[in-house]
Structures are given as C-alpha cells and as structure tokens.
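2 protein chains.
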Amino acid sequence: MNIDWKNKYSKIMKDFDGYSIGKIFKYLNDPEIISLAGGLPSADMFQKSEMRKASIRLLEENLENIFQYTAVPGEPSLVSAIIDFLKRDDIQVASENIVITSSGQHGLDLTGRLFLNPEDLIMIDRPTFAGAIVSFQMENPQIIGIDMEEDGSNVEEYRKILKKLQRKPKFIYVVPDFQNPTGITTSLEKREALLDISYEYDIPIVEDSPYRDLRYQGKSILSIFALDQKRNGTNVIGVYTFSKIFCPGIRVGFNIAHKDVIEKMGNIKGGNTLNTPKYNQDMCTAFLTEMNYDEHMEKCKDYYREKLDIFLQSMDKYFPKDIGAKWTVPEGGLFLWVSLPESIDTMKLFYEAIKYKVAFVPGEVFYGENPSKNHLRINYSFASKEQLVEAVKRLSNCVKDHLKV
Amino acid sequence: MNIDWKNKYSKIMKDFDGYSIGKIFKYLNDPEIISLAGGLPSADMFQKSEMRKASIRLLEENLENIFQYTAVPGEPSLVSAIIDFLKRDDIQVASENIVITSSGQHGLDLTGRLFLNPEDLIMIDRPTFAGAIVSFQMENPQIIGIDMEEDGSNVEEYRKILKKLQRKPKFIYVVPDFQNPTGITTSLEKREALLDISYEYDIPIVEDSPYRDLRYQGKSILSIFALDQKRNGTNVIGVYTFSKIFCPGIRVGFNIAHKDVIEKMGNIKGGNTLNTPKYNQDMCTAFLTEMNYDEHMEKCKDYYREKLDIFLQSMDKYFPKDIGAKWTVPEGGLFLWVSLPESIDTMKLFYEAIKYKVAFVPGEVFYGENPSKNHLRINYSFASKEQLVEAVKRLSNCVKDHLKV
Chain A
6 MNIDWKNKYS KIMKDFDGYS IGKIFKYLND PEIISLAGGL PSADMFQKSE MRKASIRLLE
66 ENLENIFQYT AVPGEPSLVS AIIDFLKRDD IQVASENIVI TSSGQHGLDL TGRLFLNPED
126 LIMIDRPTFA GAIVSFQMEN PQIIGIDMEE DGSNVEEYRK ILKKLQRKPK FIYVVPDFQN
186 PTGITTSLEK REALLDISYE YDIPIVEDSP YRDLRYQGKS ILSIFALDQK RNGTNVIGVY
246 TFSKIFCPGI RVGFNIAHKD VIEKMGNIKG GNTLNTPKYN QDMCTAFLTE MNYDEHMEKC
306 KDYYREKLDI FLQSMDKYFP KDIGAKWTVP EGGLFLWVSL PESIDTMKLF YEAIKYKVAF
366 VPGEVFYGEN PSKNHLRINY SFASKEQLVE AVKRLSNCVK DHLKV
Chain B
6 MNIDWKNKYS KIMKDFDGYS IGKIFKYLND PEIISLAGGL PSADMFQKSE MRKASIRLLE
66 ENLENIFQYT AVPGEPSLVS AIIDFLKRDD IQVASENIVI TSSGQHGLDL TGRLFLNPED
126 LIMIDRPTFA GAIVSFQMEN PQIIGIDMEE DGSNVEEYRK ILKKLQRKPK FIYVVPDFQN
186 PTGITTSLEK REALLDISYE YDIPIVEDSP YRDLRYQGKS ILSIFALDQK RNGTNVIGVY
246 TFSKIFCPGI RVGFNIAHKD VIEKMGNIKG GNTLNTPKYN QDMCTAFLTE MNYDEHMEKC
306 KDYYREKLDI FLQSMDKYFP KDIGAKWTVP EGGLFLWVSL PESIDTMKLF YEAIKYKVAF
366 VPGEVFYGEN PSKNHLRINY SFASKEQLVE AVKRLSNCVK DHLKV
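Protein chains in written order, with the working numbering: chain A, 6 to 410; chain B, 6 to 410.
It is possible that part of the hints are untrue.
No copy is singled out in the list; a pair is fine if it fits within one copy or between any two copies.
Said to hold, decoys possible - Listed below are the simulated DSS-like cross-link pairs for lysine-lysine, each with C-alpha atoms no more than 27 Å apart in a straight line: (1) 168 to 11; (2) 16 to 173; (3) 264 to 31; (4) 13 to 168; (5) 360 to 16; (6) 405 to 264.
Note that these hints are calculated values from the structure, not bench results.
Model the full assembly from the supplied sequences, consistent with the hints where possible.
What follows is the structure in structure tokens.
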C-alpha cells in the first residue's frame, strides 16, 4: 500500500547523491578537530556594527516593502549598485544584463538548467569547484575534464579535444581567479586564448568569480567577461556571489550575461524560487554603497594574506618534503591544493586525519569524472592563526605515519 | 562571432516562457489602478514591532552564525518549531521528514525536479495554482487536468481517467484548502477518496497548503497528509510556506514527506541554492515560538474575513447578475473565482479593465493545458476595504460596457 519512493524518482535523480563535500562534514562534529575542510570566510571579517546598523535602518524605514513579494529578477537598487561595482572592474552592464541569485550556487544551477539537455557535453578544468559539478550533474551532462596547469586552464588541450569532438560542448566552465580548489590563477594569455576558442567554436564561457576581489599579491588580471567586452563579444556568462566578500549567510549573488540569457534565467528563477528576499538584497546594497568597500577589502586582504603566509611557513617547516609532496601558492582566494605521492589515497587519509584531529577535503570530489586520488584541498581562511600552525603539524604527522604503515 | 544564444538553450528551456502572471504585472504600474491581481497578503497584518524586536535580538546575539554558511536541510531550531506547529494540525513528523525551502514555489520545484522525466504524466485540478504549473513545466511533463467541482477535486473523474491511462502519473497535485485560484475547499470525503486512489494506483499526492490556517468560517478539515498518517500511509508530500501567515518577503517554507524523499530533496537543494539564509529561518522560528501565533491568526482571520465580506456584498450590489455570472464564496484564503459567460475572453477583458483602472488575473493562466477563457481570479486580501468596493464598481462597469459592444 505504501509507496516505494525510490522507484518514483526521475531517471537523473535516482542516481543523484548530492553535494559530495557535505557528506564528509558529518565526521567533523568533534570540537577538537581543526577543520581546513570548509569554504568559509572568517566571521572576523564580518562588518558587524555596520551590518547591525543597516539592518535596523531597513526594518525601521521600510519593513512593509522588505517583507512583501518583490520583483523576480532583483531589486533595482541592488542591480544599480552592482552596475557601479562592476565598472571598477572594467565591466559595463545594464540592468537587463543582471539577474540576482541566491548566491553562486544558484547562479550555476540557473546556468545548468538553461543550457543542458541530458547527455549534452560540457568542458571543465580538472580539478574544479565541486558545487559547479554538482549543479551541472542535476542535468546529467557528459563532463569532459582538462587537467589544469600551473598558470591555469590548459587551453591548448581544450583546443585539441575540441577538434576531435563530434558534438559541440554547451559551455566551458572556469574559475580564473584563485580557483577553488587549487588556488591557481589563469594567466591573461590563457584568458584571451579561451576567448579565441569561444569565438572559433561558438562555445559560451561560464566564468565563476567568487574570490576575484580577494587578491593578496600580484596584479589583478582582467576577467574573461571584461576581455570579451573589449573584443565586442557577448560570449561570457559571469557568476558572482556576495558570500566571500560580504558574508555567505546572506545568500545573495548575481549572474551577468547577454540580456536574452538573463531574461531566460529570470524565467527559470520564477519557477524555482520566485524572488530573492528583499532584506537580504538590501543588506548587499548597503554593503556595496555604505560600508567603505575599499577599506573593508584591504582589511580582508591583510587578514587572509597573513593566514596564508602562516600556513605556507608551517608547511615549509613541518610537512614532509622528501616524499615528493608539493602545494600551490595562491595569489588570493581561500584555498590551496596539496599533491601527495600517487600511492596515497586522500579519501583514506581523510579518515586517518580525523584521528589526528585535523580535516581537509579529499581532492577526488573536485573531478567530474575519473577522479585523481592523491590530492587534498586546504582552506586557510577560517581557522585561527594558531590553529593553522597546529593543523599543519597534525597533518604532517598523519602523512608521515601513514607512509610508515 | 557572437553567440546566437537562443540556439544554445536546452530543448525544454527554449520554449519555457516563465511565470505567466508575472507578464501581466507590467501593465499595473499606474498607481490609480486598483489591483486585485496579486497574491499578496496585507502588510497591515505584518507583526512589525515583533519583527523588529526579533531581528535586533538575532543580530545582537548571533550575528557571526547568522551570516555564515549553515546546514543545507535547515536550521534545527526552525525544524523543531515546525514539528510542534504541525502537531496542532494532527501531523506527527520528525526532523528527517522536513526540508526547509525558499517558500512554496521552491518546495514545488524541488518536487518537480525529484520526480519528473520529460513527458511523464502528472494530474492536477482545472484550474489550479499557476506557480505549480510553471515549476512542473520546467521538467516538461504531460499535464492531465480534471475540472474542479464545488466541493473540490472531482475524484470520480480522476479515477475514470486513471483507469484508461496506459502509464501511471508521477503524482496528483492538489490545494485542498481555499484553493488558489478558486477559493474552493475539498471536502473530507474527497480527501479520503484521493487517498484511496493513491493507495490503489500507487500514486503520490502532492498537497499544497499555503492558506490552511486562514479559515474565516466553517470547520477545519484534516489535511490529506494527516489523513494519510491516520491510515498508516506515507504517500503524501506536504508543501508549506510562511508567505501567507507570516510574510512573503522572508522567502521561507518547508516540505514534509517520507525521509527518503526529504533526503533527496535536500540533495537537490544542495546543488540548487545550498542553504536557506539563517536570518530568514530564525525570523520564522521567532514567528512560530515568540509572536503569539493564535492571537495573531485570529487577528488575520478577522481582518481578511471582513475584506471578503465587503467584496462579496459589493459583488451582490454592483455586479451584473442577469448575464449569468457567478462566483465562489471561499471559507478562507486570499482568492475567489468569477465565472463569466463563455462569450467573454477574460484576457481581452483584462486590457479593457486596465482602462477602468482595475485589474484581476485572467483565468487562463491557471490551466496546464487547454485553458478555459471566461474566468478571472480575484485577490481580496491586499486592497483596502474602500478600494475593494470601488474595484467592484469599476469591474462591473467594465463588464457591462464590454457586453454592450
């Protein structure tokens, strides 16, 4: 009589297991564990008094509108603040080019839903952001991964594979600045080369930019979106979020693209979540227009740069080098990537590390297909400086002991 | 060189036009228009001082957690408050049976995504909630609509069609209490009969309950979810929202179902939006636990009952009766349904009504296929009492003049 639910799901959802990173978090409840696993910015960088002030003012002045239904594509005041914000980054857009989302995850899902039929091809870097993979997997595409190089996407390899493909990929997905999980930044030359491919093969580029303003050293490189505009193109979809520069809990981001794309994304958003809460959008407007953006970002960058430096110094001091391990040295963002000898399976190492009271994300979750097993992702933004040193000691001991066994 | 975006969309999204009601709102910018078109609760019923108090306290006490990432399925405190809330309605659930959503729209979309392959069958009432149709259409199902009766879903007709179908529908979608758009309530007998069908044909029931606690007269009827539990079933998915009882702008709702279904919906939510903002969830927790729920609902019911009475009295007084028009008399909710002579196309009438400075929603948007053209939906919760009287006068004149032409 009762329904056997597992037999009712759609073909795609029957096999869909959700966010792989989420599954490992359940092992991290022990408060003694120092977690370098999450993707959390530090709450030390939340602008607490400014946020309280903005919140009180919004509820005093405008409660009736804030808590009513609002327009699906987004609040005009936030859209207008974003237009100004993007000008600083050499991007010129109008309101018809912007849809407000519930963060980058939502922006990626709107993208996947708009373009992907089951079995469609997409191309991504190997490794890449696990949240993007998960959102695209809900449409069941065939994922072609191209191994990253030290200076970003391996564009020549993209081109080589494209030449051989019988079908055109629906899009190429990249995170050019301080990529999650590797921390690698794609060079200007490679950004231009990706655009060349986009024009030549008529393939959209989806550019995910959650960390772009968190650069701790080196010179900013124009986004692919800006480079496309300079070449009079409209081939790039930009995915942005307030999660890493303001705070994740507000759940607001935005996509920018050609107006046709944005209109369709708005249609999908209407059937998916309807409007983004106005309070949350208005707080982001306040963040962009009233909370000393430049000063705040300088503070954030100093704060995270110091954590990154401490982490790297500790790795140099404690981590076993003779085993052939290496790690990336990011110029910004929240993550770096440790490559261990191929004999080490970091998923197994994860469960051992838990016993050493330290956690990371096993690298295999960052591959759409055919995962590489000997890498791990480190988040250095959330733990305190003291914890970072201690975490490196624990991780080093764990790896050393693992190799002894 | 530039991408022809329209040729890049997925097969389903190429033809997906989004929320049909949204498209008519652009005609309503003239402030002299009295709109009975929206689905808005009145901001008069927002608990302003309580909301300000709760908001200030949350930001004082817990800002760091509120604006950080939180668990995808939902905040434990809200889930626990919902468990208690549902007990009042004879529903017994545990936290594994609840996923927090970004409102009813999101709850419906999670449902469509979980179950529907393209071309799958679903069954709905004719007419039914346009937002549900839109969310399901994103999966491109075949929709079978069954004309409503005065006491709710025509269950005998459902049964008759089911007997003939070669394939099993994936689910039956209903809004048993004060349905949007008709205001009709499905009788206890018919709720039981829907469950009989569910058991007999092994078909899930999706029960959408946004207005359930807004009953102005008559006795509450157990939800299909509760009736299913009494019969030891687990065949119903309950879709709830805080939009109509608390406020729409908070964008929080919840689905209840068998734990397997909820786990899968959580997986989809992880790839779709990740977590629901904690601030918004905590405000709903405060609503359920600190804002005198019973007293507040009595106030809301008195307020909306009066508006409904005034609207009905005005219709009796002004609306042309000799033309064969009739309208429903809802026992609760926010909407009623006016049926005009078949010669009147209410989409055409809509554009004429705009000239009379009054607006409604043309009934045709509430059909998944083969729309009926001579109905219109009235929202009586948002306009003031004076506006309601004036709106009926204007609408009556519009219809009379329309028939003269």
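Exercise. How would you label the pair residue 13, residue 168 (within, between, both, or neither) given a Cα cut-off of 27 Å?
Worked result: between (40 Å within a copy, 20 Å between copies)
Exercise. How do residue 264 and residue 31 come out at 27 Å by Cα distance, when the copy is not named: within, between, both, or neither?
Worked result: between (41 Å within a copy, 18 Å between copies)
Exercise. Is it within a copy, between copies, both, or neither that the alpha carbon of residue 168 lies no farther than 27 Å from that of residue 11?
Worked result: Between copies only: 24 Å across chains, 41 Å inside a chain, cut-off 27 Å.
For this session: Since the copies are identical, ignore which copy is meant and state whether residue 360 and residue 16 lie within 27 Å (CA to CA) inside a copy, between copies, both or neither.
Result: neither (39 Å within a copy, 49 Å between copies)
Exercise. Is it within a copy, between copies, both, or neither that the alpha carbon of residue 16 lies no farther than 27 Å from that of residue 173?
Worked result: Both ways: residue 16 and residue 173 sit 24 Å apart in one copy and 15 Å across, limit 27 Å.
For this session: Give the relationship of residue 405 and residue 264 under a CA distance limit of 27 Å: within one copy only, between copies only, both, or neither.
Result: For residue 405 and residue 264, the Cα distance exceeds 27 Å both inside one copy (54 Å) and across copies (42 Å).
When the structure is compared with the earlier hints, violations turn up for hints 5 and 6 and for no others.
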